[in-house]
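Engineer: These are the residues of each chain, in order.
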Amino acid sequence: MLTFLALKELFILNLLPYLSKKSMNKKYINALIHNNAKEITSLYNAHRMAFLNFGKKYGLDYDDLSDIYQEAFIALRKNAINGKLDNVQSTLKTYLFGIGKFKIYDLLKERKKTTSYEPNFHITNDADDIEPISFETEADELTIEQQLLKTYFKKLGKKCKELLTLSFSRGLTNDEIVELSDYSSNSVVRSQKSRCIKTLKEMIKS
Amino acid sequence: MNHDDLINKYLGKELSSTEEVLFNELLKSDAVFKEELTFQTNLKKAISAHDDDVFKNILTRAESEHQQQKVIPLKRSFTKWMAAASIIFVLGFSYMLMQNNTTSTNDLFATNFEPYRNVIAPIVRGEEQKDEKSKAFLAYEKGEYEVSVLLFSKLYKITNEPYYLFYQANALLKLERADEAIPLLQEHLKTNDTLTQKTNWYLALAYLKAKETDKAKETLRKVVSEKSYKNKDAVKLLQELE
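So the sequences go chain by chain: L and A.
All residue numbers for the first sequence refer to the numbering used here, where the first residue is 1 and numbers rise by one.
All residue numbers for the second sequence refer to the numbering used here, where the first residue is 1 and numbers rise by one.
Please note: incorrect hints may appear among the correct ones.
[What the hints assert, rightly or not] Only pairs whose alpha carbons sit at most 30 angstroms apart, straight line, appear in this in silico DSS-like list of lysine-lysine:
{"id": "1", "chain 1": "L", "residue 1": "78", "chain 2": "A", "residue 2": "13"}
{"id": "2", "chain 1": "A", "residue 1": "135", "chain 2": "L", "residue 2": "198"}
{"id": "3", "chain 1": "A", "residue 1": "222", "chain 2": "A", "residue 2": "135"}
{"id": "4", "chain 1": "A", "residue 1": "133", "chain 2": "L", "residue 2": "155"}
{"id": "5", "chain 1": "L", "residue 1": "159", "chain 2": "A", "residue 2": "13"}
{"id": "6", "chain 1": "A", "residue 1": "133", "chain 2": "L", "residue 2": "198"}
{"id": "7", "chain 1": "L", "residue 1": "78", "chain 2": "A", "residue 2": "56"}
{"id": "8", "chain 1": "L", "residue 1": "158", "chain 2": "A", "residue 2": "9"}
{"id": "9", "chain 1": "L", "residue 1": "201", "chain 2": "A", "residue 2": "227"}
{"id": "10", "chain 1": "L", "residue 1": "201", "chain 2": "A", "residue 2": "13"}
{"id": "11", "chain 1": "A", "residue 1": "13", "chain 2": "L", "residue 2": "154"}
{"id": "12", "chain 1": "L", "residue 1": "161", "chain 2": "A", "residue 2": "190"}
{"id": "13", "chain 1": "L", "residue 1": "201", "chain 2": "A", "residue 2": "28"}
{"id": "14", "chain 1": "A", "residue 1": "9", "chain 2": "L", "residue 2": "201"}
{"id": "15", "chain 1": "L", "residue 1": "198", "chain 2": "A", "residue 2": "198"}
{"id": "16", "chain 1": "L", "residue 1": "78", "chain 2": "A", "residue 2": "34"}
{"id": "17", "chain 1": "A", "residue 1": "9", "chain 2": "L", "residue 2": "27"}
{"id": "18", "chain 1": "A", "residue 1": "13", "chain 2": "L", "residue 2": "198"}
{"id": "19", "chain 1": "A", "residue 1": "236", "chain 2": "A", "residue 2": "211"}
{"id": "20", "chain 1": "A", "residue 1": "211", "chain 2": "L", "residue 2": "159"}
{"id": "21", "chain 1": "L", "residue 1": "161", "chain 2": "A", "residue 2": "236"}
{"id": "22", "chain 1": "A", "residue 1": "135", "chain 2": "L", "residue 2": "155"}
{"id": "23", "chain 1": "L", "residue 1": "201", "chain 2": "A", "residue 2": "142"}
{"id": "24", "chain 1": "L", "residue 1": "198", "chain 2": "A", "residue 2": "34"}
{"id": "25", "chain 1": "A", "residue 1": "56", "chain 2": "L", "residue 2": "26"}
{"id": "26", "chain 1": "A", "residue 1": "227", "chain 2": "L", "residue 2": "205"}
{"id": "27", "chain 1": "A", "residue 1": "211", "chain 2": "L", "residue 2": "201"}
{"id": "28", "chain 1": "A", "residue 1": "56", "chain 2": "L", "residue 2": "154"}
{"id": "29", "chain 1": "L", "residue 1": "155", "chain 2": "A", "residue 2": "236"}
{"id": "30", "chain 1": "L", "residue 1": "155", "chain 2": "A", "residue 2": "157"}
{"id": "31", "chain 1": "L", "residue 1": "198", "chain 2": "L", "residue 2": "155"}
{"id": "32", "chain 1": "A", "residue 1": "28", "chain 2": "L", "residue 2": "155"}
{"id": "33", "chain 1": "A", "residue 1": "174", "chain 2": "L", "residue 2": "38"}
{"id": "34", "chain 1": "L", "residue 1": "27", "chain 2": "A", "residue 2": "198"}
{"id": "35", "chain 1": "L", "residue 1": "198", "chain 2": "A", "residue 2": "142"}
{"id": "36", "chain 1": "L", "residue 1": "205", "chain 2": "A", "residue 2": "9"}
{"id": "37", "chain 1": "L", "residue 1": "161", "chain 2": "L", "residue 2": "109"}
{"id": "38", "chain 1": "L", "residue 1": "27", "chain 2": "A", "residue 2": "44"}
No wet-lab data here; the hints were simulated from the structure.
Sequences and hints are given; from them, build the entire structure.
Structural biologist: Structure (C-alpha cells):
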C-alpha cells in the first residue's frame, strides 16, 4: 500500500506535468530555425490537409488557404528565431493553426472592406477551440543598400555564408555557434566572422 | 568591451544596462562606431531576407508537390485513360507550338539586344573609383547587372537624371526582367535626355521579350518612321515578326 501511494505521489509530482503540459518539441523548433528542408517538408505535409479542412469552413478557397498555410509557417519560423516558441504551452500544430486562424480573420476582414459581400459565417461562434494568435507581418521592404548587401552576400564563400547566417539571421551567440559547428572556440568564431565581414566590405568597395 | 561585441549584443537585443549606457555614449561620440552599426544593422536585414528566401523555397517546393499530385488522374478504366491520353497529346502538341512561338521571339530578342554602351561615365583603368556613379557604371561594364540595377535606381532617386532610367532598363533587359524594364523606358521617353531617341528601340525589344508582340511592332514602326536609332535593324526585325 505504501509503495502504491509512493508511486502515485511520484507520478503526480514528476510525470504528470510532462503528460499534461504540452510543449513544443525542441527538435521542430531547431529544424525551423536552421532551414532543415527534410524536417520542414515533413512538418508541412503532416498538417497541411488538416489545415485546409480547418480553413474551409470560413468560405475560403484552396488557393487562399494554401497561401495562408505558408504564411503561417513563415510566422512560425520568425517566432522560433525570436525565441518566442520556447515557452509556448501548446503543440506546434495548435500554435500553427492559431496563427493561421488569425490570418484567416485578417483576410476576411479585408475582403469585407473591399466588397459588400457578407460571408455566411459567424466569427464569434467558432466550433473549434483554436485561439487565434496574432503576429506582426514585417511589411518593410529592403532598402537599396540592403538589397545590394544581399546580392554581395550571395557571392561569399559557403563557410562565410553559413557563419554569418547563424550569427546575423538566426541570432546565435559565438558560444552557441561553437556548439553547433566545428569551430574550435569562441575566439575562432569571432575572428572568422570579422574576416568574412571584411571580405564583404572589400567586395562592395571594388 | 570590443566594439564588435557591443554591436553584436545590440543586434541580439542582449545589452545589459551598463552596456547600453556605453553603447549610447559611443553612438553619440564615435562616428566610426555609428557607421559600423549602420552597416551591421543593414547586413542583418539583408542576411535575414536571404535566409527567409531559403525557407520560402522549401515551402514552395513542398506545396508544388501537392499541386502536381492533384492533377494526376487515378481512374482505371481504359476509355478514361484513352481520353486522358488524347487530351495530354493535344495539350502537349499545342504546348510545343506555343513553345516554338516563344522561342522565336526569345531568339529575336537575343540576337538583337545588346546593352547600350556606357557613354556617361567612362571608366579609366587603374584609377580608383570611389563615387557611386562610377561604381554603378563600372558594375554595368563588368556585367554585374544586378548590382548596377540597384545602384542606378538609387542614383535616379537622388539625382533625377533620366539616363539612369535608361541604363537601369538596359541592365534589367540583360537580366531578362523585361516587365520591370518597360515602365522605366516609358518614363525615360517622357524626358528630354540625349539618349531618348534610342529608347524606343529598347522599348520594342522589351515588349518582344515580354511576348507583347503587337506593342513591339507598334514601337518598331515608330523607330522606323522617326528614323531614330537602329531604324534599319527595326525594319528587318519588323519583317521577321510579320
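Engineer: With reference to the structure, classify each hint as holding or not holding.
Structural biologist: Do the hints match the structure? See the list:
Note on residue 78 of chain L and residue 13 of chain A: the hinted pairing holds, with a Cα-Cα distance of about 15 angstroms set against a maximum of 30 angstroms. For the hint pairing residue 135 of chain A with residue 198 of chain L, the CA-to-CA distance comes to about 19 angstroms; that is within 30 angstroms, so the pair holds. Pair hint residue 222 of chain A plus residue 135 of chain A does not hold up; C-alpha atoms about 34 angstroms apart against a cutoff of 30 angstroms. Taken as a hint, the residue 133 of chain A and residue 155 of chain L pair is honoured in the structure, with Cα atoms around 22 angstroms apart against an allowance of 30 angstroms.
Using a Cα cut-off of 30 angstroms, the hinted pair residue 159 of chain L and residue 13 of chain A holds, with the two alpha carbons roughly 25 angstroms apart. Simply put, residue 133 of chain A and residue 198 of chain L have alpha-carbon atoms about 23 angstroms apart, close enough for the 30 angstroms limit, and the pair holds. Proposed proximity of residue 78 of chain L and residue 56 of chain A is supported: the alpha carbons are some 12 angstroms apart, at most 30 angstroms. Distance restraint check for residue 158 of chain L and residue 9 of chain A: the Cα-Cα separation of roughly 25 angstroms lies within the 30 angstroms cut-off, and the hinted pair is therefore satisfied.
Distance hint between residue 201 of chain L and residue 227 of chain A is unfulfilled; the C-alpha atoms sit about 47 angstroms from each other, more than 30 angstroms. Distance hint between residue 201 of chain L and residue 13 of chain A is fulfilled; the C-alpha atoms sit about 24 angstroms from each other, no more than 30 angstroms. Restraint check: the Cα-Cα separation between residue 13 of chain A and residue 154 of chain L comes to about 26 angstroms, which is no more than 30 angstroms; the hinted pair holds. Proposed proximity of residue 161 of chain L and residue 190 of chain A is contradicted: the alpha carbons are some 43 angstroms apart, above 30 angstroms.
Between residue 201 of chain L and residue 28 of chain A the CA atoms are separated by roughly 24 angstroms; this keeps the pair inside 30 angstroms, and the hint holds. At most 30 angstroms may separate the alpha-carbon atoms for a hinted pair to count; residue 9 of chain A and residue 201 of chain L meet this at roughly 21 angstroms. Restraint check for residue 198 of chain L and residue 198 of chain A: not satisfied, since their Cα atoms lie roughly 41 angstroms apart, outside the 30 angstroms limit. Of the pairs offered as hints, the one joining residue 78 of chain L and residue 34 of chain A holds, with about 27 angstroms between alpha carbons and a cut-off of 30 angstroms not exceeded.
Distance restraint check for residue 9 of chain A and residue 27 of chain L: the Cα-Cα separation of roughly 26 angstroms lies within the 30 angstroms cut-off, and the hinted pair is therefore satisfied. As the CA atoms of residue 13 of chain A and residue 198 of chain L are separated by approximately 23 angstroms, the hinted pair is consistent with the 30 angstroms bound. Proximity of residue 236 of chain A to residue 211 of chain A is assessed by CA-CA distance (about 18 angstroms); at most 30 angstroms being required, the pair is judged to hold. With a C-alpha separation of about 41 angstroms, the suggested pairing of residue 211 of chain A with residue 159 of chain L is violated against the 30 angstroms cut-off.
Among the hinted pairs, residue 161 of chain L with residue 236 of chain A is inconsistent with the structure: their alpha-carbon atoms are about 48 angstroms apart, more than 30 angstroms. Between residue 135 of chain A and residue 155 of chain L the CA atoms are separated by roughly 17 angstroms; this keeps the pair inside 30 angstroms, and the hint holds. Between the alpha carbons of residue 201 of chain L and residue 142 of chain A the distance comes to roughly 18 angstroms, so the proposed pair stays at or under 30 angstroms and holds. Between residue 198 of chain L and residue 34 of chain A the alpha-carbon distance is near 17 angstroms, which keeps this suggested pair within the 30 angstroms criterion.
Taking the CA atoms of residue 56 of chain A and residue 26 of chain L, the gap is near 21 angstroms; set against the 30 angstroms cutoff, the hint holds. With a C-alpha separation of about 42 angstroms, the suggested pair residue 227 of chain A and residue 205 of chain L falls outside the 30 angstroms cut-off, and the hint is violated. In summary, the hint linking residue 211 of chain A to residue 201 of chain L is not supported, as the alpha carbons are separated by about 40 angstroms, beyond the 30 angstroms threshold. Note on residue 56 of chain A and residue 154 of chain L: the hinted pairing holds, with a Cα-Cα distance of about 16 angstroms set against a maximum of 30 angstroms.
About 40 angstroms separates the Cα atoms of residue 155 of chain L and residue 236 of chain A, which puts this hinted pair outside 30 angstroms; it is violated. This hinted pair checks out: residue 155 of chain L and residue 157 of chain A have alpha carbons roughly 26 angstroms apart, not beyond 30 angstroms. The straight-line distance between the Cα atoms of residue 198 of chain L and residue 155 of chain L is roughly 14 angstroms, inside the 30 angstroms bound, and the hint therefore holds. For the hint linking residue 28 of chain A to residue 155 of chain L, the alpha-carbon distance of about 34 angstroms lies beyond 30 angstroms, and the restraint is violated.
Straight-line distance between C-alpha atoms of residue 174 of chain A and residue 38 of chain L comes to about 36 angstroms, which puts the hinted pair past the 30 angstroms bound. Taking the CA atoms of residue 27 of chain L and residue 198 of chain A, the gap is about 59 angstroms. The hint is violated against a cut of 30 angstroms. A distance of roughly 22 angstroms separates the Cα atoms of residue 198 of chain L and residue 142 of chain A; the hinted pair therefore holds under the 30 angstroms criterion. At most 30 angstroms may separate the alpha-carbon atoms for a hinted pair to count; residue 205 of chain L and residue 9 of chain A meet this at roughly 27 angstroms.
Under the criterion of a C-alpha separation no larger than 30 angstroms, the hint pairing residue 161 of chain L with residue 109 of chain L is inconsistent with the structure, at around 41 angstroms. Between residue 27 of chain L and residue 44 of chain A the alpha-carbon distance is near 25 angstroms, which keeps this suggested pair within the 30 angstroms criterion.
Taken one by one, the earlier hints fail for this structure at numbers 3, 9, 12, 15, 20, 21, 26, 27, 29, 32, 33, 34 and 37, listed in ascending order.
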